[in-house]
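> Residue numbers (our numbering), protein chains in the order written: chain A, 1 to 224; chain B, 1001 to 1438.
Some hints here could point you the wrong way.
[Stated by the list, open to error] Cross-link-like lysine to any residue pairs, in silico, SDA-like; alpha carbons within 25 angstroms at most: (1) Lys217(A) with Ala1096(B); (2) Lys1178(B) with Val1165(B); (3) Lys217(A) with His1291(B); (4) Lys1263(B) with Ala1096(B); (5) Lys27(A) with His1180(B); (6) Lys72(A) with Ala1096(B).
Calculated directly from the structure, the hints in this document are not laboratory data.
The structure displayed is predicted, hence computed values, not measured ones.
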Amino acid sequence: MDLEVESDDFVGWTGRPIKCEINVLSKPEGSCIFSQGGTVVMAALYGPHEIKHGKIQTEETPAFQMSYRSKKGPPSNESRSLEELIKTACESVVFTRTFARHELTLVVQEMQNCGGILSCAINAGCLAMINSGVDMQHLVLAVTACLTNDNRIVVDPDESQLKSAKMSMEVAFDSELFNVIMVNSQGTSSVEEYQNTIGKCRESARILKEYFKSVVKKYAEALL
Amino acid sequence: MRDTIFAKCDSEFVAAAIKKKKRLDGRRFDELRSIELHFGSDFGCAYVTLGETKVLAQISCELSEPRNVRKNEGNLFVNVEIHDMVCGVFETGHHAHLAVHTNRLIEKCIKDSRCVDLEALCIVSEEQAWEIRVDVSVLNYDGNLVTCCSLAALAALAHFKTPHVTIENSEIRIDSIKEHEPEPLSLHHYPILVAFAIFGENDDILLDPTELEEKVCESELVIGMNSFNELCGMHFSGRTTSNRLLIVNASRQASLVAGELVKLVKTKLEIDNETRRKNRGKSEGLVSAIHTDRILSASQDRSTLRVTQREIEETARSFLEDRQKMKVSEVESDSTQIPEPSEDMDTEEMRPVFRKDQKRGVEVPPMSSFGQDWAPSGNRNAWTLPNATLSDAESDDDEDDVDFVKTITDEDRIIDRIELNDSEEEHDTIVLQPKELK
């Protein structure tokens, strides 16, 4: 759809600068530290390991554990809802049934929150899964966007832009058909504006995919 | 992931190496692993890495009523959080034990040594006081959790600032950070826990033990020290040793280490203050903790048992010395026969071996941050392979790990443990008997 996607550069990315380091932790199978602007997140994927006692893997509940840890205080309702959203986005990617009686655990640690932590966490989770070498159906790419009061769409806004926004949303896409996997939105907007925003996010997700590819390309040489 | 399993031969090898005054990672007995300390953009956030052990600390505060016992003091909570997976211990119970143990040690070090001035936290006596909460989350565990956690907690406390409070007509108002400059906590001193592993037979004290060394050692010693050489907490577990001077020596070492670490915290704080002053109170924070120019590869640099740079260096040096001696002797006997260029060749060949930094991983060309200042790496599109083949290629690397986990069954582990215990008991009797005879 975009010409930029066909070529090998990422000029189209209008969001905050992205930085990531893969394989930062020694214990988990895959890990990464990922930042978008000032928001920093560390993700670690453990497993496949044995399911803990009392939990039975059924067809309806694939064995994928997710825990999101905010850096201060005991887990709040907000962090639990974030956990659920990250889980829905990341779970869909993995072939969980290939590991009979085993489960995967994804741990995402908030390190610094300057807005857009949900999309940052999902992207970090995806990179951790790539690093671990778990079988994946496709990648998952998350983008935050907001609608300002003068109806401008800002992709990957910073904290102040998010605060003054009329509506903000986090959308996760798959990397093949760019279908929506997860949407979370706050604020009000018309249906048309909502769809436009999702469309913009989708364009950015395509560019993000190129970035993920470049990360793998860069690290694959050293890891092999 | 299960508890990291160390084979019996591994642990025996470690013990044997230590008898020869050698550590597996090539450190001296009184040497720390490489330390990194980063402050976050929020006040009271510190990220510390000590070798492979990684910890994040965050301080938060809220107004609350002071306790009835001490009505003019604020309160301090310490909470160490270790995720089930991070510690790697699968069975419930033990993991909780490690978290509680670390929590108590940090509490001993920071709260019980009265390093934070709690009276200064009181705003209105008997009514309002700050309640400071220290949250330490362990991200990765590879031995010596206490030093890493206490350093992170201390650095975070030193970095933290409480918002300014104004009292008007007995009404308390918390000013936002933009309105009024926040105030740092007043710290009386800077205590730090230093951990040692003791291998009893020769009274070998190892500073900053790794996970493997912690498992193999006979007893663990944790000493809390501040920069004024004052003791602020001690913990000893495991078997006792006969040498009385051991603990004195260890505390002397601990005071040196604590002094160094406190110096590190202070210099890093100054740098942080400087950047904040330049950028109107803002700092990049933990973004700087991401190194885009290296990779910690699972294949090579994280294997625990290996020949180290130092060892190669030592052997190379002794080899060179031998050659030089030979050369001298040869010079004395006959000066014309020595082929000099060949020796130069040797040294040149050896040089690249030392250059690589230890535990820093494989160096990769730096990658500019993605975004506005992104520069495309080249025109060729190497991403022609489909996803599947690439993930295969990547997983090749990780297969080793997975295989390793699979081959060891429960029975093996149990048998391992039983045998280990037996051998330890045997050691005991061998060690004790001659002493009793004396």
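> Hint by hint, note whether the structure agrees.
Going down the list of hints, with the structure as the test:
no. : hint                       : verdict
1   : Lys217(A) with Ala1096(B)  : violated, 40 angstroms
2   : Lys1178(B) with Val1165(B) : holds, 13 angstroms
3   : Lys217(A) with His1291(B)  : holds, 17 angstroms
4   : Lys1263(B) with Ala1096(B) : violated, 33 angstroms
5   : Lys27(A) with His1180(B)   : violated, 43 angstroms
6   : Lys72(A) with Ala1096(B)   : holds, 19 angstroms
Of the numbered hints stated above, those contradicted by the structure are hints 1, 4 and 5, listed in ascending order.
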